[in-house]
Every structure is written in structure tokens, then in C-alpha cells.
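Colleague: Please model the complete structure; the sequences and the hints are all you need to start from.
Protein chains: 2
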Amino acid sequence: MEKRHRLELKPIGTIHSPYKDSGEGPYQGHRSKKASRIEVFKEFEEGLQDIEGFSHIIVIYWFHKSQGYHLLVKTPWDDITHGLFSTRSPNRPCPLALTIVELAAREKNILKVKGLDAIDGSPLLDIKPYIPGVDERSAVKSGWLEGKLGRERC
Amino acid sequence: MEKRHRLELKPIGTIHSPYKDSGEGPYQGHRSKKASRIEVFKEFEEGLQDIEGFSHIIVIYWFHKSQGYHLLVKTPWDDITHGLFSTRSPNRPCPLALTIVELAAREKNILKVKGLDAIDGSPLLDIKPYIPGVDERSAVKSGWLEGKLGRERC
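Protein sequence lines correspond, in order, to chains A and B. Mapping of the first sequence onto the numbering used here: position 89 corresponds to residue 130, and the numbering continues sequentially without gaps. Mapping of the second sequence onto the numbering used here: position 82 corresponds to residue 123, and the numbering continues sequentially without gaps.
Each hint should be verified, as a subset may be incorrect.
As the list claims (entries may be wrong) - To give an idea of the chain B side of the interface with chain A (calculated C-beta under 7 Å), a few residues:
| no. | residue |
| --- | --- |
| 1 | 47 |
| 2 | 51 |
| 3 | 53 |
| 4 | 57 |
| 5 | 60 |
| 6 | 62 |
| 7 | 64 |
| 8 | 89 |
| 9 | 120 |
| 10 | 127 |
| 11 | 135 |
| 12 | 141 |
| 13 | 168 |
| 14 | 172 |
| 15 | 183 |
| 16 | 185 |
Hints were generated in silico from the structure; no laboratory data involved. Glycine residues also receive a C-beta, built at the ideal position from the N, C-alpha and C atoms.
Modeller: Below is the structure:
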């Protein structure tokens, strides 16, 4: 049963954000023009070399305010219940968040970014370069979400 | 020092892949047409409802063959040393893998996908729908990787 063993992660930094609590962050971070600061712990600073050449980075962080989950959920986009894994709900068995952000500047171990939906204090887990040739797909179908984005229900 | 506490993950499934060991997987999974099977553990099957409406999904898994890391690394794309976080190397402080794959079919708790670079037995951590309006960016600069993809060095 090795596959079901628990896995352990140690954060590599902390996110400093204008969104102070759950519910304050935008549903899609990139529509926000607010700036956030990603603090990468000093011991990992050397790993940021060359990152400033990329206009966009993938930020993986921990939904630290997530508390448990349901396998069927409602979202802001309609009144229908959907399977959790066909939504981007933060309440997931593995509360891993993934957002592509614009990298505005780097100062040593601090990255200034735009479009990050994380709330203040979120533990940073990983940063990867965003590469259109690897991370984009054409001819995409968006299932139940087709045409709904930008028209969230309050 | 709460922020530096270790975080714990419990896999939600297992990836069954034609790539049996490190080094066999393609550098960019989507260039492969080989099929993989994602087994979501039965207890999470209900969360897959509606996933079949999406042509592409984001798969987050654990680089289970990753052993330690260096903050400066060489890649197949050139002979220059780059900061780890400006590469997609599997050897990372948090060995989290992220691949966008084509969802070919779903049979109960099994997803048949194309373009997954995971090696056989990789623990599955999360599945999210791939949504162009959320996950794509325009006017992207790819830093040191610009123009290098598809021209890997052996």
C-alpha cells in the first residue's frame, strides 16, 4: 500500500498579498491588477537565477485556509452541483493551488507579481516558468464552464 | 515559524504509464501520443462528475523518483547552468509535477489520457479542469528557453 502513504512538503517561501482572508481573492487572479510579493526563503534564492527572463510564471501554493472538502460542489458560475475535480474549488483532498501570474520584477529573493489570487500568508511550494509551447493547448472544450467565465453569480 | 511547518499530502490515485523509469518519459508529454491511465481511488470517484466535458485537464502528481535537488542545474536545452525555478527539472524542493493532458475517455474512476509524461506508479495528487480563459496568457516571454524547445541536446 506504499502508494497511499502520506507525502510531506516543506514550503519554499511565503506569499504576501493584498487579499487578507478567504473570499477576498478574485475568482481568476489574472483579472486583478493588484500586486503581490512572493518571498522565496533566502536558502532557495540561488534557484531563482534567470527567472526574470520569463514574463509569466506558474505559482504552486498551499490553500492554507482550506478546511476539508466535498466531492460534489456548487461554484459561483451556476446553480448546478459539479464533481469537485471538474471545478477549481480551493477545498480539495490535496489543497494545492495553481495560478499563472505576470512576473513584474525580481529583487533578490522577492518576486513582484500581478494576477495572483492567493490570500496573504499562503505557503509557497513551487515556481515553474510558464512556457506556451508546453503549457498551452488548442482546440479546447471547457465542459460545463463553457461561456460561463466572467459571468459569475453573486 | 508556522509558515515553515511541513505540510502533508495524501495521494488521490495512481498513474499507470508506458514509461517505466526515470528518463523514459518525454521532455514534453504532449508531444507523445502514448496513452496513460489515471486511476482515481474509488473513494474519490464521485468528484470526477462532469470531467468528461473537458477536453484537457491539469494533472498534478508527485515526482516519486526525484531524489534531492540542486539550486543550479543544466537541462537538455543548452549547456548553460540555470536556476532550478527557471527550469522544469523534476528534482525540486517540493517535487510537484504539473502536466496538461488530453482527456480521451473516462470509465468510472479511470481516466484515459494522452500526453502525460509521468512515469509508472506516480502518485496522483490533484486533477483540475484546464480552462483557456484562466490558464492561458498572451504576449509571453520565455527567457532562456526562447526558441530552444524541440531542439533538445542528447
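Colleague: Hints first: check each against the structure and report whether it holds.
Modeller: How the hints compare with the structure:
This hint holds: residue 47 of chain B has a C-beta 5 Å from the nearest C-beta of chain A, less than the 7 Å allowed. With a least beta-carbon distance of about 5 Å to chain A, the hint placing residue 51 of chain B at the interface is held under the 7 Å criterion. Annotation: interface hint on residue 53 of chain B holds; nearest CB of chain A at approximately 5 Å, less than 7 Å. About 11 Å separates the beta-carbon of residue 57 of chain B from the nearest beta-carbon of chain A, more than 7 Å, and the hint is not met.
Given the 7 Å rule on beta carbons, the hint for residue 60 of chain B is violated: about 17 Å separates it from the nearest Cβ of chain A. The closest approach between the C-beta of residue 62 of chain B and any C-beta of chain A is roughly 17 Å, which is over the 7 Å cut-off, so the hint fails. Here the hint on residue 64 of chain B is broken, as its CB sits about 18 Å from the closest CB of chain A, past 7 Å. Hint status for residue 89 of chain B: holds, given a least beta-carbon distance of 5 Å to chain A, under 7 Å.
The closest approach between the C-beta of residue 120 of chain B and any C-beta of chain A is roughly 14 Å, which is over the 7 Å cut-off, so the hint fails. Taken as an interface hint, residue 127 of chain B checks out: its beta carbon lies about 4 Å from the nearest beta carbon of chain A, inside 7 Å. With a cut of 7 Å, the hint placing residue 135 of chain B at the interface with chain A holds, because the nearest CB-to-CB distance is about 4 Å. Here the hint on residue 141 of chain B is kept, as its CB sits about 6 Å from the closest CB of chain A, short of 7 Å.
At about 4 Å, the closest approach between the beta carbon of residue 168 of chain B and any beta carbon in chain A falls short of 7 Å, and the interface hint on this residue holds. Given the 7 Å rule on beta carbons, the hint for residue 172 of chain B holds: about 6 Å separates it from the nearest Cβ of chain A. Because the beta carbon of residue 183 of chain B sits about 6 Å from the nearest beta carbon in chain A, less than 7 Å, this interface hint is met. This hint holds: residue 185 of chain B has a C-beta 5 Å from the nearest C-beta of chain A, less than the 7 Å allowed.
Against the hints set out earlier in the document, violations occur for numbers 4, 5, 6, 7, 9.
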